[in-house]
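K.L.:
Spelled out from the first residue to the last, the chains are:
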Amino acid sequence: MEKFKKLTSPIIPLPIENVDTDQIIPARFLKATTREGFGNNLFADWRYEKDGTPKKDFVLNNPVYQGTILVAGKNFGSGSSREHAAWAIAGYGFKVVVSSFFADIFKNNAMNNFVLPVVVSESFLAEIFESVKKDLKMTLTVDLENQQITNNATGKFEIFVINAYKKECFLKGFDDIDYLLSKKEDILSYEQTNN
Amino acid sequence: MSKTLFDKIWDKHVVTTMEDGPTQLYIDRMYCHEVTSPQAFEGLRKRGLNVFRPKQITCMPDHNIPTIHQDKPIQDPVSRNQVDTLTRNACDFGLEYYPMGHPLNGVIHVAGPENGLSLPGMTIVCGDSHTSTHGALGAIAFGIGTSEVEMVLATQCVLQPRPKTMRISVTGKLGKYVGAKDMALYIISKIGTGGATGYFVEYAGDTVQSLSMEGRLTLCNLSIESGARGGMIAPDETTFEYVKGREFAPKGEKWERILAYWRTLKTDAAAVFDKEFEFRAEDIQPMITYGTNPGMGMSIDDAIPAATGTLRATPLQYMGFVEGERLIGKPVDYVFLGSCTNGRIEDFRAFASIVKGKKKAPDIVAWLVPGSWQVNRQIREEGLDKILEEAGFEIRQPGCSACLAMNDDKVPAGKYAVSTSNRNFEGRQGPGARTILAGPFVAAAAAITGKITDPRKLNIVL
Chain A
-12 MEKFKKLTSP IIPLPIENVD TDQIIPARFL KATTREGFGN NLFADWRYEK
38 DGTPKKDFVL NNPVYQGTIL VAGKNFGSGS SREHAAWAIA GYGFKVVVSS
88 FFADIFKNNA MNNFVLPVVV SESFLAEIFE SVKKDLKMTL TVDLENQQIT
138 NNATGKFEIF VINAYKKECF LKGFDDIDYL LSKKEDILSY EQTNN
Chain B
4 MSKTLFDKIW DKHVVTTMED GPTQLYIDRM YCHEVTSPQA FEGLRKRGLN
54 VFRPKQITCM PDHNIPTIHQ DKPIQDPVSR NQVDTLTRNA CDFGLEYYPM
104 GHPLNGVIHV AGPENGLSLP GMTIVCGDSH TSTHGALGAI AFGIGTSEVE
154 MVLATQCVLQ PRPKTMRISV TGKLGKYVGA KDMALYIISK IGTGGATGYF
204 VEYAGDTVQS LSMEGRLTLC NLSIESGARG GMIAPDETTF EYVKGREFAP
254 KGEKWERILA YWRTLKTDAA AVFDKEFEFR AEDIQPMITY GTNPGMGMSI
304 DDAIPAATGT LRATPLQYMG FVEGERLIGK PVDYVFLGSC TNGRIEDFRA
354 FASIVKGKKK APDIVAWLVP GSWQVNRQIR EEGLDKILEE AGFEIRQPGC
404 SACLAMNDDK VPAGKYAVST SNRNFEGRQG PGARTILAGP FVAAAAAITG
454 KITDPRKLNI VL
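Residue numbers (this note's numbering), protein chains in the order written: chain A, -12 to 182; chain B, 4 to 465.
Hints are computed from structural coordinates only; laboratory data are not their basis.
It is possible that some hints are incorrect.
[What the hints assert, rightly or not] Derived list of chain A stretches under chain B, where covered just means 3 residues or more per stretch with a C-beta under 8 Å from a C-beta of chain B: (1) 2 to 11; (2) 43 to 56; (3) 92 to 98; (4) 119 to 129.
Note that the Cβ used here is the ideal one computed from N, Cα and C, for glycine as well.
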């Protein structure tokens, strides 16, 4: 799996609260049996007209905004447990999603696909949205080693929380299944004790 | 040390813990449906792994399946492929499988408990956020992503950060035509769609205890809509009575032994929760939603409250409503009774009690979709089918149906649906569809009047 250490990128701002997984990837796109191809339908109903032409006023269709960091309003990823939402975000090319609050299942799904969810304070988030209004190409730097996110337009930074285990997974590029498979002995002994 | 119900079950399932990391939690049962499992099986094959504990996995398709002509192949080739993929995976890995049309098939969160596959004290997962439903039996049940489905297939474990605990107590007597769905929508409207994020909820209080098992399943089902990892209710005589004798429930001596254990599954008097909420049953009226998330709910005769918050899209614009508007009398186009929220026998009884002796409004399209074949059989045994058919309703075949419109049951753009399902997100019931969530009584009242109607005032209106 891909490792993650530090990233500086312009942002895609999505200043909407409660972006649910049905908006990230509508249910009708969930019929695939592979993990690929969901990026094309990320935010499909906000992004495309019925006939498939891009909606001009949606941020992903504005060529000014380029980058691999999505910045969204609070409670991002609420609703369904569909990992397709994380696949769509990863498939589109995002490496980091910044918000002041994430739904639990989405957060796990994102991390299992090496998309880093970064929780910032309400005020830090509001300031990013202000900065990007002034400079559409403003950048953020996400430094996982030091757990620090910096708004390069203002120079302000915050420390973000990630547990030591998950941080290690991102830095080294290994996943939960690798870890669990290494714990087979413990699982067998648990089963013996509890049966 | 005093423990909550959650602590007792969680602690019993810990395989390993790590410092500043998630817990390795043992999973007793996993359900797989066709939408969130194919990539997990594919991952297993890529790694050259087998299913570690096949007897603890149950598969059934529910999301994509049509609600008519289930005896024929699925028409939509993409849906058919997804269902066929589940069939193949269950067969290849030797897993218990209830295909479309099988007597034990249904929406997983309806069929699982009624088949006795979900039991008190268990840890239960499924690649589906409404897995919280099974917590009604006194279990830790929660939705997981597909990577986690793969983890359980490979090791029967998941890695989970230990959630905080919350108790939501409801006390007092519920009014007429106020049910578990109204309780849930009321709670979510008070604490918000992110109000319980990071927490595992225990529902308590005499109102909760007085609920039937069906009502408890409805209440726990909607836990995720306030962001909770899951919801649970301490098992009691209602639970044991419900479980006893079900197809896969323990029997004989095994039953007696496990029952003794189940009776210990309750929060100790001195246990402390990280957060507590208390509500009064008398404050809860029949509820409806007016916006595009389940937290945007109100009493049926209230006016739409003014918006709060600065960064919000335009849910009211999407719904075609304005602040201060009352929705009573508002014409609607579709009514959906069903889903893992309200597709159980009690919901059909509630719906039938309202429409008995009346007629479906002529312009209403009504989809009545039992949550499982067992519910379907019970509807017929109790003669509810006659009441519903005489009132002009047709009963369809089990599946998730219009809750998320992955099959043909889609609400057209701009149309209003009073729906007993769980989400009113934009486009959830079809692109552009406008969903008003409600319980079965309100849905039935809308189905016969063609508009939003307070079931308590039905006989005055007509």
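K.L.:
Name the hints, by number, that the structure is in violation of.
P.N.:
Violated hints (numbers, rising): 2 and 4; every other hint is consistent with the structure.
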